Structures are given as structure tokens and as C-alpha cells.
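K.L.:
So you can see what is in the structure, the chains are spelled out below.
Number of protein chains: 4
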Amino acid sequence: MSDSDTLILVNLKAYPCDPVEIAETCAAVADDTGARVAVAPQAAHLAAVADTGVETWAQHVSPVEHGSHTGSTLAEAVADAGATGTLINHSENRLKLADIDASLDAAERAGLETVVCANNPAQSGAAAALGPDAVAVEPPELIGGDVSVATADPAIVEDSVAAVEAVDADVDLFCGAGVSTGEDVTAAGELGATGVLLASGVAKAADPEAVLRDLVSGL
Amino acid sequence: MSDSDTLILVNLKAYPCDPVEIAETCAAVADDTGARVAVAPQAAHLAAVADTGVETWAQHVSPVEHGSHTGSTLAEAVADAGATGTLINHSENRLKLADIDASLDAAERAGLETVVCANNPAQSGAAAALGPDAVAVEPPELIGGDVSVATADPAIVEDSVAAVEAVDADVDLFCGAGVSTGEDVTAAGELGATGVLLASGVAKAADPEAVLRDLVSGL
Amino acid sequence: MSDSDTLILVNLKAYPCDPVEIAETCAAVADDTGARVAVAPQAAHLAAVADTGVETWAQHVSPVEHGSHTGSTLAEAVADAGATGTLINHSENRLKLADIDASLDAAERAGLETVVCANNPAQSGAAAALGPDAVAVEPPELIGGDVSVATADPAIVEDSVAAVEAVDADVDLFCGAGVSTGEDVTAAGELGATGVLLASGVAKAADPEAVLRDLVSGL
Amino acid sequence: MSDSDTLILVNLKAYPCDPVEIAETCAAVADDTGARVAVAPQAAHLAAVADTGVETWAQHVSPVEHGSHTGSTLAEAVADAGATGTLINHSENRLKLADIDASLDAAERAGLETVVCANNPAQSGAAAALGPDAVAVEPPELIGGDVSVATADPAIVEDSVAAVEAVDADVDLFCGAGVSTGEDVTAAGELGATGVLLASGVAKAADPEAVLRDLVSGL
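Line by line, the protein sequences are chains A, B, C and D. So for the first sequence, our numbering puts the first residue at 1; every next one is plus one. So for the second sequence, our numbering puts the first residue at 220; every next one is plus one. So for the third sequence, our numbering puts the first residue at 439; every next one is plus one. So for the fourth sequence, our numbering puts the first residue at 658; every next one is plus one.
FYI, nobody ran anything at the bench for these hints, they're computed from the structure. In this text, all values refer to a predicted model and were calculated from it rather than measured experimentally. Any given hint could turn out to be false.
Claimed, not checked - Lysine-lysine pairs mimicking DSS-like chemistry, simulated, CA-CA at most 25 Å apart:
id, chain 1, residue 1, chain 2, residue 2
1, A, Lys-96, D, Lys-861
2, C, Lys-534, D, Lys-753
3, A, Lys-96, C, Lys-534
4, B, Lys-315, C, Lys-534
5, A, Lys-96, B, Lys-423
6, D, Lys-753, B, Lys-315
As the list claims (entries may be wrong) - Among chain D residues calculated to face chain A with C-beta under 7 Å, some are:
id, residue
7, His-702
8, Gly-724
9, His-726
10, Thr-727
11, Ala-738
12, Thr-808
Even for Gly, the Cβ is constructed at its ideal location relative to N, Cα and C.
Turn these sequences into a full structure, and let the hints steer you where they fit.
P.N.:
Structural data, given as C-alpha cells:
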């Protein structure tokens with residue numbers, strides 16, 4: 001990956017980490033290296049994370065507009081709190097097809113960059129047909145594991161790049177699941193990915209900064 | 220529509236009609252005219268409907284294999300009861316993207332023909348990327364109404380035909396919502412649809428046979 | 439268990455068994471012994487199972503009335519196919535609280551006997567407050583296992599009996615999860631249960647009839 | 658309502674209001690009158706709302722613990738952002754029975770006060786069996802309307818008070834739906850409610866402070 005826009009997106013899920021501490025580390029590494037590193041915390045932590053100056057993403061936005069939607073995650077509210085992008089349809093938060101479409105509308109309305117997650121090449125193509133900025137292919141069986149998808153199953157990344165390209169050449173392909181080293185980032189880039197999603201690799205690391213610097217070295 | 224394979228699919232939903240009586244009428248009209256007419260009853264009525272000799276479809280199959288799935292609609296079970304096709308992701312039963320994919324796998328495994336429903340052209344393209352036999356575009360706001368989608372919003376049908384064609388030229392495009400007359404069937408065919416879905420137009424008709432004969436006349 | 443109304447309910451889930459063969463076996467054992475044995479097959483198999491003369495249950499009914507509910511499991515349709523009772527909220531098909539309430543309304547409307555499943559004593563009490571005929575407590579971690587809930591965790595059955603009794607003394611308490619022998623049935627009865635749910639113990643047995651005769655011996 | 662602990666809970670849903678401005682108004686009225694007024698904003702706005710000093714509630718917490726739950730609303734995260742209580746199972750965000758139970762566990766773990774919403778007396782009793790601090794009965798057909806539940810259907814409040822009392826006398830009963838005036842608050846208190854939920858009555862008011870002062874006058 002040499003594209004200066006390549007994104008390293010750190011998803012904090014519901015991990016028991018300190019989101020601000022990780023955000024500060026990501027911001028420092030990004031400032032220091034010029035790499036693009038973003039953090040996706042819990043919605044309730046968005047404002048505190050954004051205050052660190054790091055690029056901040058939501059983990060999800062609801063397929064709704066302003067109105068009577070108690071308990072929703074309104075795109076405008078996450079933007080208001082400082083998010084500039086959002087994951088949609090993460091494997092831990094799968095959405096109905098019609099709701100992915102509506103969540104993309106909501107994110108676009110609020111000016112958020114969008115990455116729709118998908119399990120496999122067919123679903124990656126389907127997600128691309130809805131017009132997000134990027135699709136992230138993450139085989140569920142590799143998420144949280146030690147082996148990167150780009151190493152364990154390079155074909156799934158290549159096939160997803162091809163499936164997305166065939167549907168809409170303007171949509172980028174990210175990959176996730178098991179990414180934890182600079183080598184993984186390089187391998188993903190060589191397969192055609194322009195971004196990586198990772199979570200436990202940083203959030204549960206003994207030394208998150210060392211992991212981040214290693215990741216960035218693979219760009 | 221002049222394609223001899225064009226399908227008129229009558230979805231009985233959860234209507235308070237007599238499924239066997241409607242099935243017998245559909246079978247008679249199909250036999251008489253050579254048209255392809257199928258009936259999609261409640262799962263519990265599949266066997267009785269199939270016994271009439273009419274082409275029988277399920278309204279839904281679950282994204283599961285054999286196993287511990289209480290309350291699911293197993294593809295093999297509906298095939299066993301006589302279904303030869305199934306709707307998936309009807310607007311009244313929207314599925315997660317990953318589950319549409321898995322329901323298609325299940326249907327294929329059981330030898331069922333598949334039609335994935337979609338709201339609009341973008342979702343039609345997305346559904347096509349998953350490789351069903353056909354996609355049915357049905358704008359939710361027109362379902363159950365008096366005006367056919369082909370009349371009310373021809374662009375949505377044409378755009379869906381184009382979106383599906385762009386993704387996978389082997390996938391057919393059906394249309395639904397408001398179809399009730401032979402003219403509607405003709406209009407749908409002229410826009411590129413090779414099948415129509417209808418429900419209340421037949422199931423709630425005073426004279427279902429007359430409606431069916433009119434529909435078939437539009438082929 | 440000596441109550442002549444004690445129910446042995448065999449849930450076939452989505453298992454790859456022959457539902458009619460198991461239904462015939464259950465019917466024969468019930469006829470032979472006077473025990474109450476019911477079978478809950480896939481909705482698509484209800485009619486074939488009911489034709490054997492066995493007491494037939496649905497695995498689920500949807501929280502809907504007649505109307506536009508494609509892919510639902512209408513209470514009237516399962517009754518029409520021969521079901522006389524239904525499970526609701528099985529751990530493999532958990533429902534929203536409001537939908538359990540509406541599914542109970544639907545089942546009552548169609549004249550179906552009702553058993554609402556629950557995970558633990560608190561949920562058993564909650565389910566009882568909605569007025570079903572019975573609540574079945576099935577700790578999810580024991581379902582499909584070799585050890586009966588009445589043996590592995592008798593307190594959960596006793597506490598559920600007490601929780602249900604405290605809310606509505608007219609509601610029976612069944613238990614499930616791991617039940618496979620006559621001893622399990624006896625143990626369940628001694629703890630206050632008036633019915634047992636089982637599935638793999640019969641559906642996957644090499645000799646279902648032997649298992650059923652053993653189960654009935656525990657009444 | 659004369660109980661000094663009586664809660665006026667203002668749910669901002671996904672309304673296009675300024676959450677901080679409303680929070681400041683609520684804080685000012687609470688300080689001025691000694692009444693208990695809380696605000697439940699979007700999760701992304703919790704920190705900003707809590708910073709005003711007003712009592713802050715979440716609209717929802719997910720039925721999860723720390724872990725791999727992307728897009729969830731972790732109880733610890735909303736507490737960390739300043740929430741001291743949470744709604745659960747609002748009619749716009751209905752949960753599975755087992756998930757209400759798990760969300761209550763999550764809220765308790767994070768030290769949050771809990772109010773479980775319910776549609777009717779039967780569901781109120783069911784919710785009470787799960788041991789929340791309070792149950793809020795809100796007939797869905799009255800939510801967002803002009804007529805308070807205590808006026809439109811006093812029996813539903815009285816029956817819910819009785820249903821909750823019968824199950825667990827330690828659980829309070831709140832009511833919602835259509836509450837907008839001090840008279841509504843007084844009427845609710847006379848029926849046995851110790852809290853009211855309202856939303857559009859404040860969030861969409863031309864003069865929220867005047868509405869709040871009127872509401873408080875009914876305590």
C-alpha cells in the first residue's frame with residue numbers, strides 16, 4: 001500500500017480499553033508518520049475520542065432520519081460528536097439489505113464516509129451496488145484471530161476486489177479479520193485493498209503504539 | 220411478455236383466503252392457457268396447495284441448514300412439501316444481507332428456484348450480485364395498491380432491469396406492487412420484466428379466475 | 439409425573455429426520471401406553487404429521503393476524519394444517535416481549551395450546567405474566583446436551599416453578615434441555631414440571647421407539 | 658405526585674433539537690424547583706448533555722458485556738459518558754425477552770437505574786418480573802399524540818400499577834405517551850405512577866422551559 005489515502009481503521013468494539021488513550025496514540029502515530037489512522041469507538045465515546053484530534057469513525061449508523069427513533073444511532077448525532085466516517089453492516093451488527101441502503105443514505109446526508117462490511121466476494125459485490133465509499137471484506141471465521149485474511153485466504157480478497165470492481169469501479173475495497181502487522185498491511189495492499197480494519201490487534205495490545213508503528217510501516 | 224417462461228406468481232401472504240381453492244383456479248387457468256402461474260401459500264399450506272398440481276412456491280426460506288433451528292423454514296422441508304421455488308427478502312420479511320446470501324444457498328441446495336425481492340434499482344443490483352434466478356423490484360409504497368409499478372413508476376422497473384443486467388446478465392427481473400390486470404402484465408413485459416408478483420389482486424378478488432384470465436391475456 | 443395430562447413434546451427442529459416416521463412411532467407409543475406424546479415438525483410438515491393421528495404442535499407462530507405478512511407463520515394456517523398447540527419464543531427463535539404477547543393472542547385466536555420458552559426463573563416469571571398455558575424453562579447451555587436440566591441444575595426448575603406460581607398459579611411449568619430418559623422425566627416431575635420438551639434425544643436416536651417407551655416409563 | 662423522587666424523563670429520541678440547550682433548560686428548572694428532571698439524548702450526545710449537570714439517561718443499552726460487539730451500546734460506555742440511568746425496550750426499540758433480561762444485567766453492572774418500557778398491563782407485569790427499578794407503560798397508539806395516557810386510558814395505568822405490584826412490589830410504575838402538561842403529571846400520580854416519560858412535548862415545544870415549568874407544577 002503506497003496510496004497516501006490508505007486507511008488504517010481501528011475498531012474499538014465494546015472492548016474494555018481506554019478509548020482516549022488509544023485515540024491519542026493513533027493521533028500521535030498519524031501525525032508522526034503522515035499515515036491515515038482512524039479510531040471507531042462506542043458512540044458514547046465519540047466526542048472524547050474526537051477531542052484528541054484523531055480521525056474518528058462511528059461503528060454503525062441507524063437507517064433512520066430525524067424523528068421518533070429511540071435508541072437509534074442517528075448519523076447526524078455521530079457527525080455532531082465528531083465522527084467523519086462510519087462502518088455499516090459489521091459482522092457483529094448485520095443489517096437488512098434495505099437498511100444498509102438506508103444507513104448509507106443517512107451517512108451521506110450527514111457527510112460521513114462509508115465502509116460497508118461483507119463476508120465474502122458475492123456480498124462484497126452486493127454491497128458495492130449500493131454505492132458506499134468502500135466495502136470491507138471480513139470472513140467471520142477469521143475475525144479476532146491471529147492470521148490475516150490476506151495470508152489465510154488471499155483469494156477471498158482478490159475475488160472481492162474483482163467483484164466490487166465489476167459492479168462499481170469507484171468503490172474501494174478494504175480488508176479486515178486477523179490484520180495485526182505491517183506485513184499484513186503490505187499483503188493486503190498487494191491484493192488490491194486500499195484500507196484495513198483491525199480491532200483486537202491494537203485494542204488488546206500490550207503496546208498499542210508499537211503495533212501501530214509496525215502497521216504503518218507496511219503502507 | 221411473450222416469453223413462454225414468464226411467471227405469474229400469486230403470493231397468498233397471510234390472507235384469509237382458501238389456498239386450495241385459489242390453487243385449483245390457478246392450475247386450471249395454467250392448464251387451459253399454457254401460461255405459467257404459481258401460488259405461494261403459507262408454509263403450513265404448501266402440501267395441500269401442491270396436491271392440486273399447481274406450481275407451488277414458498278414465501279420464504281430460512282438461512283439455515285439441517286440442525287437446531289426451531290421455528291425456521293427449512294428449504295428442504297418446503298421442497299419436501301412440494302415447493303419448487305421460493306421468494307426471499309420480501310418487503311414484509313426483510314432479511315440481513317448475509318442471510319439473503321445464506322437463504323439462496325439453502326434454496327439452491329434444495330433445488331428451489333429463487334426470486335429475491337428488492338425496493339429499488341440499487342437494491343436490485345445488490346440482490347443480483349448474490350446470484351438468484353431473478354430479482355423482483357417492488358416499491359414498498361405501491362404494494363397492495365391499485366396502481367401497477369409499471370404504470371406508476373416505469374423508470375424504477377427500467378432502472379432495475381439495467382442495474383441487474385449490469386451486475387449479472389443471467390439474472391431475470393420481475394416486478395410487483397399493484398399488478399392486477401393484463402395491461403399491467405403487458406406493461407411490465409415491455410419494460411423488460413419476465414415475471415410479475417401479485418397478491419391481493421388475486422387473493423382478495425371477487426372472481427379470482429376472471430382476474431387470472433385477464434392477467435394471462437397480457438402475456 | 440403421574441398426571442395423565444403430562445406432555446412429552448418432541449421438537450423435530452430442522453433435523454434431517456423423517457417426520458412422518460417419528461410421528462407414527464409417537465402415535466403408536468401414545469396409543470399403546472395412554473401417555474400424551476406430541477410432535478412439533480417444520481410448518482411445511484404439519485399436515486403430513488397430523489395425518490398420522492399424533493398430537494401435532496407448531497414450533498412457532500408469528501405475532502400477526504390475517505393480512506399482508508409474507509413469510510409469516512400464521513396461527514390459523516398451522517391450526518388448519520392440524521396443529522393443536524405451539525411453542526413460542528424457543529431459544530433458537532427468541533421473540534421480542536411485545537411479540538410473545540401478540541403470538542399468544544394469535545395462538546389463542548386459533549385455538550392453539552401455548553408453551554412459551556424461557557432461559558431462567560426470572561424470564562419464566564415474565565413469560566407467565568403473559569398468560570400462556572405453560573412456560574418451558576430451558577437453560578440454553580444445556581440444550582442438545584446429554585445431561586438433563588433436572589439433574590444438572592434442579593434449582594433452576596424449582597425456582598422457575600416458584601416464579602411462575604408466584605405470578606399466575608394457572609400456568610404450568612415444563613422443562614427441557616438434555617431430557618432423554620425416563621429417569622429425566624421422573625426427576626422433572628418431582629421438581630414440579632408437568633411436561634418435558636425434547637428434541638435430539640428422539641429425533642436423532644437410533645431407535646426412537648425405545649427412547650419413547652423409556653421416556654413414558656418415567657411418567 | 659408529591660414524592661420528591663418522582664422523575665420527569667425527557668426522551669430526545671432522534672429529534673432535530675439542540676440536546677445541550679434542552680439539557681441546560683432542564684437543569685435550570687430542576688435546580689430552581691427541586692424537581693427531578695432527566696434528559697435522555699442520543700448516545701453520541703451523552704457526554705455533552707451530562708456536562709450541563711442535568712441528570713442524564715441513555716435511551717438504550719445493549720444486552721452485552723465487554724467484548725466483540727461492534728455497533729452495540731455498551732452500558733459501561735454510556736455510564737462513562739455520564740449516564741446514570743437507561744431506558745430499555747422502548748416501543749421504538751423493542752427487545753427480545755432474553756435481551757431485556759441481559760440489558761438489565763448490563764445496566765446493573767454499570768450502576769445505571771433502569772426503566773423497562775411496556776405496551777400494556779400484561780407486558781408491564783412481565784417486565785416487572787425481570788427486576789428493573791421501574792416499568793413504564795406506554796400504549797404505542799398514544800405515543801407522540803396530544804392526549805395523555807392518564808386521561809385517554811386511565812385503566813391501562815391502574816391495571817399496570819396492579820400488574821407490577823402483584824409481581825414485585827419494589828418495582829415502580831411510570832407512564833408515558835401523550836404527557837405534556839402539569840395536569841397530565843398530576844393525573845399520572847393519582848393513578849399510582851411515580852414517574853413520567855415524555856418526548857415531543859418538550860423536545861418539539863416552542864418554549865421548552867414553559868412546558869417544563871408547567872410539568873413540574875403538576876408534581
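K.L.:
Need the list of violated hint numbers for this structure, in ascending order.
P.N.:
1, 5, 12
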